[in-house]
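S.K.: One-letter residues, chain by chain:
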Amino acid sequence: MKTRVFAQRLVAIAILAWAPAAAFAHQGLQSVAALVAPDVPTELRWVRNAKDAQEVRGAVAKALAANSLTVHDAIKVAHLNNPGLQAAYNELAIDKRPFEQDLYLAAQLVVRLAAETAKAYIRAVAAGQIADFVVQARAAADAEADLARRMAEIGNWSALDYMRRQLAYAEVTALLARAELAVGAAREHLARQMGVAAGAFSLARTLPPVPERPARADGLDTRTFAERFDLQALRYEVETQRGVLGLSRVTGIVDLMQAGSLRAPNADEASMMFQENTVPVFDWSESTDPLAEYTYMNAVHRLADAVVAARSQIRAAYGAYRTAFDLSHHQRGEILALRKRMGEESLLRNNGMLNSVFDLLGERREEIAAVIATIEADRDFFLAETALRYTPAVDVAGIVLSVDQTEAAPHSHGPSGH
Amino acid sequence: MVSRREAISGIGAALLGVAAVARSVLAQVPDAPSRDSPAFQPPLMPPNGPPYNPVVTLNGWTLPWRMKDGWKEFHLVAEPVIRELAPGMKANLWGYNGQSPGPTIECVEGDRLRIFVTNKLPEHTTVHWHGVIVPNGMDGVGGLTQPQIPVGKTFVYEFEARHSGTFMYHPHADELVQMAMGMMGFFVVHPRDPTQHRVDRDFVFITNAYDIDPGAKTPRINTMTDFNLWSWNSRVFPGIDHLAVRRGDRARIRIGNLTMTNHPLHLHGYNFRVTCADGGWVPPGAQWPETTVDVPVGAMRAVEFEATAPGDCAFHCHKSHHAMNAMGHDVPTMIGVDHRGVGRRIVSLIPDYMIMGERGMADMGEMEMPLPDNTLPMMTGFGPFGPLEMGGMFTVLKVRDGLARDDYRDPGWYAQPPGTAVREWTG
Ligand SMILES: [Cu+2]
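From first to last, the protein sequence lines stand for chains A and B.
As numbered in our numbering, residues 12 to 429 make up the first sequence, in order.
As numbered in our numbering, residues -19 to 407 make up the second sequence, in order.
Bear in mind the hints are in silico, worked out from the structure with no lab data behind them.
Hints may be right or wrong, so weigh each one.
With a straight-line cut-off of 30 Å between C-alpha atoms, the simulated DSBU-like cross-links for lysine-lysine are [what the hints assert, rightly or not]:
1. A:351 <-> B:48
2. B:70 <-> B:133
3. A:351 <-> B:133
4. B:48 <-> B:197
5. A:62 <-> A:73
6. B:48 <-> B:133
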């Protein structure tokens, strides 16, 4: 996983020299790209004329021409082509926020769009893979119903026996319609992230294999503070307030990693200003503003509160990731493996005329159901992995383990909603 | 080499904490011989005591005894055993002295018998001498005529064999379980006069039934009617010994039935007479000619015939399901079902699937497909003209010229004289 320190963020910001109102328009995207590079190495384009538009169209067409779109290319297309993101650039250029705050906001939008696009991509591939197996299940039910009809026609079976099989086929047919609807909806969602038509791209038929070993959780939630853009923005607010209020004499230290608890400064902290995990508290009598204490401490506690929330979110994201990893392996290594072996045993019984071809096809449908549950478990793993990848940078709320297996249509909220 | 019985009983003793029998007591108890194979055993000629013409137990043996102070002393050990039902299938059963059924006990009218019974089962047991007239206290009915024999204990039954005839022994304690697990044996009392009821070849077996799920080894003891393995002496075709008889011999077949249904046993090529039942010998004037003897539950029959005509004569239960091995009773009839188009679709879903049954089930007799572990084909066996398509209670009586008196070996398939066999009509 990436490592990065607070100081590097400040370097990116320090190079600006433009007046605040025009700064984002002139230098914003370059700085945003530098900010998000550790999370999402990507290309950002602000389309401002026909030439820009033509270049973007060319890059998008090239990425979409592939036999199967990669998740990396899907994110690249989204960043080049998502109209909501273009709208956000323009909005940031005309707002009255300090340039730094614009950068943090833009960075969050860019990373969130990457996360949403990756999520949509995973759902779309999985939906297609599931539908392929529902087609197989329908083929099994179709063969059962067909044989049952022939059995009834020559008098080997009653109408009731035949109707039982026909009913099973009818039910699987309904399942397939729903599976195909889910494929369409998932593709549309991905298409919206990329700003293209749903028919404009081809996807992989299968999800990649889930890794053999899980990522480790070491130090994950202590890195949060340095890397989250929303925390950076809040911290910037505290620093700005200090300057505005004219505070410099340190009387206490607020430890952000201890839920904002206040303590006396050590000797070497008395002259220090901001450190990675702490913010200073000052002698309020320094300021000419009688409300200095409340104005400043409001900003400090909002920051501390956000740090608590961010650390909790990332721990939850890792918990969800780890459970999804275990469930995926359990589903494949235990449940699906048992189903396959049961299918083999069932076939041995069929060899001995100990069961019927209807039993065999029924077992096969059960096995297909286990395959579908395995694809769903893999999908949930990759969704949880996506959440874990981006949570250190932004609040990716909503991208957590999907507990509800029946959920068919993906959520739809793009960056334009933020 | 440690026999399987010794190994198993050793494990049993260790697991159950069976107390070792005191050495002084042990010294008085005769040996308990054991067998670990269902292979054919020649008749046991009596080494002592009054002479008699011994029987042949299909896939079994006769328990040796010792004479002591005028008593014939036998030792039965009730214990878990592993019985091969036919090559390719072994069952976890309970039996006596290493096998199920237990060894045949043979004695002579007037013999004084002392039968030691050691219980190495995980639960108590008794032995009932089915059909034998004994003092009430020797009848072996747990709770009624005796306390059950506890685990690890040895009890002694003593009685005089008063009537010659055809009998059995089996537990009368937790009887349902112990018989479902295979505990039973044949018991023959020979006439004092060896010329009386004399035959040249005297075969014995007990019909029994098991319900063993394909792929499993242990009978489902709670099954009442739907058994899937119908056996003679805990053997099924093609595992049952054939009956080799010298042409001109007088042959007897004695059958006991310890299943829960009757078995009409049909012999091809001969008509026979029922000469003995559980109550004793049938007077010649009352003997009834048959080719199928229906053996009721809990009863015995002996049939006799002069083996005048050479040939390979099928001998089987006439309930056709009883001449089959385990099969799928819920499998629907597929005869006549047109598989065109569907078969290929099924194979695309289940690559190793093979269409069977649309013309009947005879395919099964010819094909040798992989089956669940420890499972016999429903119908199997090959003869000189093709698949026999049999299982369960089926074997062959082989009457041949020129066999030696005690030669019971397989004489091979019968060579039919030219012009005596069925032929295709070609106009
Ligand atoms: Cu029968």
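S.K.: For each hint, tell me whether it holds in the structure or not.
M.R.: Here's how the hints hold up against the structure:
no.: 1; hint: A:351 <-> B:48; result: violated (63 Å)
no.: 2; hint: B:70 <-> B:133; result: holds (28 Å)
no.: 3; hint: A:351 <-> B:133; result: violated (49 Å)
no.: 4; hint: B:48 <-> B:197; result: violated (41 Å)
no.: 5; hint: A:62 <-> A:73; result: holds (17 Å)
no.: 6; hint: B:48 <-> B:133; result: holds (22 Å)
In this structure, the earlier hints numbered 1, 3, 4 are contradicted, and the remaining ones agree with it.
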